[in-house]
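2 protein chains.
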Amino acid sequence: MVIQKRVNQIRKFMDVNDVKLSIVWEPDNQFYLTGFRAISYSRPIVTLLEENEVQLIIPGLEEAHADEKANVDRIHVYYEQYGLREQVLTYIEHLTNILQQYPRNTKIGVEVGVLPASVYLFVQNMGFLLVDIGAKITEMRSIKDAHEIELLKVAGHLSDLAIGESLKNVRIGISELEFDSYGDRLLLEMASKDYPDELIGYADWTCSGLPRSEMPHLYSSTRKFMDGDVVVHSRQVWFNNYRAENERTFLIGNVTERQKDLLKLAIEAQQVGMELIRPGITAGEVDIACFNVFKKAGLADYVQHRVGHGLGLSEHEEPYLRFDNDLILQEGMVYTIEPGIYVPGVGGFRHSDTVILTNNGSFSVTKHARDFESMRF
Amino acid sequence: MVIQKRVNQIRKFMDVNDVKLSIVWEPDNQFYLTGFRAISYSRPIVTLLEENEVQLIIPGLEEAHADEKANVDRIHVYYEQYGLREQVLTYIEHLTNILQQYPRNTKIGVEVGVLPASVYLFVQNMGFLLVDIGAKITEMRSIKDAHEIELLKVAGHLSDLAIGESLKNVRIGISELEFDSYGDRLLLEMASKDYPDELIGYADWTCSGLPRSEMPHLYSSTRKFMDGDVVVHSRQVWFNNYRAENERTFLIGNVTERQKDLLKLAIEAQQVGMELIRPGITAGEVDIACFNVFKKAGLADYVQHRVGHGLGLSEHEEPYLRFDNDLILQEGMVYTIEPGIYVPGVGGFRHSDTVILTNNGSFSVTKHARDFESMRF
Numbered sequence: 001m002v003i004q005k006r007v008n009q010i011r012k013f014m015d016v017n018d019v020k021l022s023i024v025w026e027p028d029n030q031f032y033l034t035g036f037r038a039i040s041y042s043r044p045i046v047t048l049l050e051e052n053e054v055q056l057i058i059p060g061l062e063e064a065h066a067d068e069k070a071n072v073d074r075i076h077v078y079y080e081q082y083g084l085r086e087q088v089l090t091y092i093e094h095l096t097n098i099l100q101q102y103p104r105n106t107k108i109g110v111e112v113g114v115l116p117a118s119v120y121l122f123v124q125n126m127g128f129l130l131v132d133i134g135a136k137i138t139e140m141r142s143i144k145d146a147h148e149i150e151l152l153k154v155a156g157h158l159s160d161l162a163i164g165e166s167l168k169n170v171r172i173g174i175s176e177l178e179f180d181s182y183g184d185r186l187l188l189e190m191a192s193k194d195y196p197d198e199l200i201g202y203a204d205w206t207c208s209g210l211p212r213s214e215m216p217h218l219y220s221s222t223r224k225f226m227d228g229d230v231v232v233h234s235r236q237v238w239f240n241n242y243r244a245e246n247e248r249t250f251l252i253g254n255v256t257e258r259q260k261d262l263l264k265l266a267i268e269a270q271q272v273g274m275e276l277i278r279p280g281i282t283a284g285e286v287d288i289a290c291f292n293v294f295k296k297a298g299l300a301d302y303v304q305h306r307v308g309h310g311l312g313l314s315e316h317e318e319p320y321l322r323f324d325n326d327l328i329l330q331e332g333m334v335y336t337i338e339p340g341i342y343v344p345g346v347g348g349f350r351h352s353d354t355v356i357l358t359n360n361g362s363f364s365v366t367k368h369a370r371d372f373e374s375m376r377f
Numbered sequence: 001m002v003i004q005k006r007v008n009q010i011r012k013f014m015d016v017n018d019v020k021l022s023i024v025w026e027p028d029n030q031f032y033l034t035g036f037r038a039i040s041y042s043r044p045i046v047t048l049l050e051e052n053e054v055q056l057i058i059p060g061l062e063e064a065h066a067d068e069k070a071n072v073d074r075i076h077v078y079y080e081q082y083g084l085r086e087q088v089l090t091y092i093e094h095l096t097n098i099l100q101q102y103p104r105n106t107k108i109g110v111e112v113g114v115l116p117a118s119v120y121l122f123v124q125n126m127g128f129l130l131v132d133i134g135a136k137i138t139e140m141r142s143i144k145d146a147h148e149i150e151l152l153k154v155a156g157h158l159s160d161l162a163i164g165e166s167l168k169n170v171r172i173g174i175s176e177l178e179f180d181s182y183g184d185r186l187l188l189e190m191a192s193k194d195y196p197d198e199l200i201g202y203a204d205w206t207c208s209g210l211p212r213s214e215m216p217h218l219y220s221s222t223r224k225f226m227d228g229d230v231v232v233h234s235r236q237v238w239f240n241n242y243r244a245e246n247e248r249t250f251l252i253g254n255v256t257e258r259q260k261d262l263l264k265l266a267i268e269a270q271q272v273g274m275e276l277i278r279p280g281i282t283a284g285e286v287d288i289a290c291f292n293v294f295k296k297a298g299l300a301d302y303v304q305h306r307v308g309h310g311l312g313l314s315e316h317e318e319p320y321l322r323f324d325n326d327l328i329l330q331e332g333m334v335y336t337i338e339p340g341i342y343v344p345g346v347g348g349f350r351h352s353d354t355v356i357l358t359n360n361g362s363f364s365v366t367k368h369a370r371d372f373e374s375m376r377f
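Protein sequence lines correspond, in order, to chains A and B. So the first sequence is numbered by the UniProt record's numbering: it starts at 1 and just counts up by one. So the second sequence is numbered by the UniProt record's numbering: it starts at 1 and just counts up by one.
FYI, nobody ran anything at the bench for these hints, they're computed from the structure. Any given hint could turn out to be false.
[To be verified] With a straight-line cut-off of 20 Å between C-alpha atoms, the simulated DMTMM-like cross-links for lysine to aspartate or glutamate are:
1) A:K224 / B:E189
2) B:K193 / A:D227
3) A:K224 / B:D194
4) B:K20 / B:E50
5) A:K224 / B:E198
6) B:K20 / B:D73
7) B:K5 / B:E50
[As the list claims (entries may be wrong)] Cβ-Cβ distance ranges computed for the label pairs, FRET-style:
8) B:R74 / A:M140: 39 to 45 Å
9) A:E53 / B:N292: 36 to 42 Å
10) B:G280 / A:T106: 46 to 52 Å
11) B:G280 / A:N125: 36 to 42 Å
12) A:N71 / B:Y41: 24 to 30 Å
13) B:G253 / A:E51: 47 to 53 Å
14) B:E257 / A:F363: 54 to 60 Å
15) A:G228 / B:A146: 36 to 42 Å
16) A:E331 / B:T256: 52 to 58 Å
17) B:R6 / A:F363: 49 to 55 Å
18) A:E68 / B:G253: 23 to 29 Å
19) B:G280 / A:N97: 34 to 40 Å
[Said to hold, decoys possible] Among chain B residues calculated to face chain A with C-beta under 7 Å, some are:
20) H65
21) S118
22) L188
23) M215
24) S221
25) R223
26) I288
27) F323
Note that CB positions come from ideal geometry on N, CA and C, so glycine has one too.
Full structure from sequences and hints, please.
Pasting the structure below:
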C-alpha cells in the first residue's frame, strides 16, 4: 500500500514530464519502490516503471527471492548457466526488448546522478530522450512515513544497546575492532531474541588516538587503545534496511585539559543543533548555529564538515545540513546532528545522533548518554 | 613502486589511445592506482592521471588522511564548512579547473561502466571526447602481483579462523547473525594480536533452512537454526583491502538422505573445479566441467549461477568463470570456485574457496575442511 502510493507519486511526476518509462537503477531506490533488495555486485538488477506496470529485471539466482519479496507486476530473469544457452543471458537484452516497444524520441526517466554512463549511452543511442527522475525520488525519500519512522526507532534502540555494550568494555589494550565487536555481538544476541526473522545489519568505524582521531572518517583497525587516547566511535545499525547513526567520542585515562575542553565544546555544539532543528527553519541555519559554537571559541579553522546528513535507507541521504542549503526543513525528515572539530596533535571530537522532525520540533531515536562525564574511561 | 608501475601501464595505454587525462572514479580502482582509500558516500573523491602528474580531488575531511596515505603528486581539497565560503566548495569546480587547461576535442579517459552519467555528460558538454579506460584497469587488476598475493594469503588464513570458530558454535536456537558473530569476534581478536595497526574487514551472509537456503544470496537474518536445517554460509574477510571468500554448506541434525546426497554432489563439483583450474585453459571450461557434475546427476535445471568470480579489492571482480567466457586463464589470477545447486523444498548447496593460479596449477588460500563429514552438526 505504501509502495503503491510511492509508485503513484512517481507516475504523476512522469505524467507531468511526459516520461513514458523510468529505469530505476540505485538499489535503495529500487527497494523504496518495490520492497525488494538483493545483494547484487556484478549482476545488475533493474526496476522499470510505466503507467500501468512495474517490471523487474533480475539474475537467475534471485528468482525465488524476488518471487517472494518484490511488489512488482512482472519479473524478467536473465540466466548465466551453461544449460540455458537458449535463454536470455544478460539484463541488457531484457532492457532492449522492453525499450523497443517505444518509438524514437520517447522520454525515458533515469537517475542521471547514479546510472552508469554506459547504460545511459545505450538508452540514448536507441534514440530516446533521457530525463532525470533521481532528484524526484530523493525528494520523496527525504520525508519518512509512519512505518519508516517505526523502523528507525528500532534501529536507534538497537544502536543504543550496541554502543552501550562496547563502552562497557573500554579498556587499554583492546583494539578498535575488538571494541566494535563487543557491541555488535550484544546487538545480534538481543536482536535475535526480540526481533526474530528480521534483517539486521551494522557498521562501525572507530578512530583512536593520534593521528587517527584527527581524521573524521576511517575504517576501524587493529590499533590498540592506549592511556590518553581520544576515541571517535561511529556506528550505524539498520533494521529492515532503515539506519540509525550513533556516534560517541570518549576519553581514556590521562587525557589533557585541552582534550577535555574540546570534547565539552563538541557536546555543546551538538546540543545547540538538537535543540534548534525543527520544521520551518532552513538546513543551513542548523549548520551555522553549530558552527558558531566553535567559532566563538576561536576554533573555526578546525571544523572540517557540515553538521549532518539525511538518513534512512542509505548511509548518507540528501538533503544535507550545510550552510549553503536554503531548503526549509519539514516534518518527517531525518537527520544526523554531528558537529565535529579536529585539531592536529590534540584529536577529533564528535557525537552524532539521529533525529526525526515532528510537527513542532524533533526527537532523537538514539538515546545513549552524551554528557561529558559518561564519556570518560 | 608497485603503484608507479601500475600508473605507468595506464599512461602507456593513454599514450597509444591519444588520451591526455584520465578521470578515475571507482574507489577500488583509485586505491589500486594511489594507495588511498576512504569512506566516501556522498562526498566524491576523484583521481586524475596525466602524463606527468597524478592528482587527487578530495573533501576537506579527508585532507589529513590523504596527505598521509595517497601516492599522488598533488591534492585538491574542496570544503563544506561555513567559515570557508571563499574556498572551492565542490569537487566539480576542481575538475572543471583541471579540464579547462585542455583544448576542445581532447580525449579524456573515463570508466564508462561505472562513472555516473551526470559526470560523463558534464565532461562531454565541455567539448571533450570520452574514451573508456575501465576495461584496461579491470584487465590489469585481474593479474595479482606478489604483494597482493601475500595479502590474499593472510585474508584466507583469517577467514579460515573465522569460519572454524563459527562452525564450532553451531547449535539449534542460535540465529544466523549470532552464528556469524562467533567467527567475527575470534577474527578480530586474533587479527588484533597478530596484525597490529592493520585494516581488517569482514562480511557474512548466512542462509539457513527452507526457503532461505534455496536462495543463493541473502543477507543474514535473525532466523534461528533448527533441527534438519541446511545452512549455506558465505564469508569474505579482507586484509588491507584484499579479500578472500570462504563458504561452507553444513547440515544440522536430522537431515534427509536427499540433502546429504546433494551436499556430496556440490562438494564433488567443487573438487572438479579446483583440480582443473590452471593457466592455459579457458574460464568457460572450468564452469562447464563443474556444471557437468550436476548435469550427470540429472540436476542441470537446479544450477542458478556461474562457477566463480575474480576476487581481490572488490567483492566480485571480472573476469568471470562463465561458460561463454573464452578468456585464457593466466598465472596470478584469483578465482572463487563455488558451483552451487538449489532445489526447491530441499535446499541450497555450495562451498566456495579462493584459489590463486600459479605457473602450472593453483593453490587455495582458504583451507578449512570441505569434506562431507566435517559439515555435519
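Going through the hints against the structure:
1. A distance of roughly 11 Å separates the Cα atoms of A:K224 and B:E189; the hinted pair therefore holds under the 20 Å criterion.
2. With a C-alpha separation of about 18 Å, the suggested pairing of B:K193 with A:D227 holds against the 20 Å cut-off.
3. Restraint check: the Cα-Cα separation between A:K224 and B:D194 comes to about 12 Å, which is no more than 20 Å; the hinted pair holds.
4. Between B:K20 and B:E50, the direct Cα distance comes to roughly 6 Å. Compliance with the 20 Å bound is thereby established for this hinted pair.
5. At most 20 Å may separate the alpha-carbon atoms for a hinted pair to count; A:K224 and B:E198 meet this at roughly 11 Å.
6. Annotation: proposed proximity of B:K20 to B:D73 holds, straight-line Cα distance about 17 Å (limit 20 Å).
7. Simply put, B:K5 and B:E50 have alpha-carbon atoms about 14 Å apart, close enough for the 20 Å limit, and the pair holds.
8. In this structure the hint that B:R74 and A:M140 lie 39 to 45 Å apart at CB holds, the actual value being about 40 Å.
9. Distance hint for A:E53 and B:N292: a CB-CB separation of about 39 Å, consistent with the stated range 36 to 42 Å.
10. Checked against the hint of 46 to 52 Å, the C-beta distance between B:G280 and A:T106 comes to roughly 49 Å, which is consistent with it.
11. Between B:G280 and A:N125, the C-beta spacing of about 38 Å keeps the proposed range 36 to 42 Å intact.
12. The supplied range of 24 to 30 Å is met by A:N71 and B:Y41, whose beta-carbon atoms lie about 28 Å from each other.
13. Distance hint check for B:G253 and A:E51: the Cβ-Cβ separation is about 52 Å, which falls inside the suggested range of 47 to 53 Å.
14. Separated by about 56 Å at the C-beta atoms, B:E257 and A:F363 satisfy the suggested range of 54 to 60 Å.
15. Under the hint 36 to 42 Å, the C-beta atoms of A:G228 and B:A146, about 39 Å apart, fit the expected range.
16. Remark: the range hint 52 to 58 Å for A:E331 to B:T256 is upheld by a beta-carbon distance near 54 Å.
17. About 50 Å separates the C-beta atoms of B:R6 and A:F363, a value consistent with the hinted range of 49 to 55 Å.
18. Take A:E68 and B:G253: their Cβ atoms lie about 25 Å apart, and the range 23 to 29 Å holds.
19. Checked against the hint of 34 to 40 Å, the pair B:G280 and A:N97 passes, with Cβ atoms roughly 38 Å apart.
20. For B:H65, the interface hint holds, since its Cβ comes within 7 Å of a Cβ in chain A; the closest pair sits about 5 Å apart.
21. With a least beta-carbon distance of about 5 Å to chain A, the hint placing B:S118 at the interface is held under the 7 Å criterion.
22. Nearest Cβ of chain A to the Cβ of B:L188: about 4 Å, under the 7 Å cut. The hint holds.
23. Satisfaction of the interface hint for B:M215 is found here, the shortest Cβ-Cβ separation to chain A being roughly 4 Å, below the 7 Å cut-off.
24. Of the supplied interface hints, the one on B:S221 holds, with its beta-carbon coming within about 5 Å of a beta-carbon of chain A, less than 7 Å.
25. Interface hint at B:R223: satisfied, since its Cβ lies 5 Å from the closest Cβ of chain A, which is below the 7 Å cut-off.
26. Hint status for B:I288: holds, given a least beta-carbon distance of 5 Å to chain A, under 7 Å.
27. Interface hint at B:F323: satisfied, since its Cβ lies 4 Å from the closest Cβ of chain A, which is below the 7 Å cut-off.
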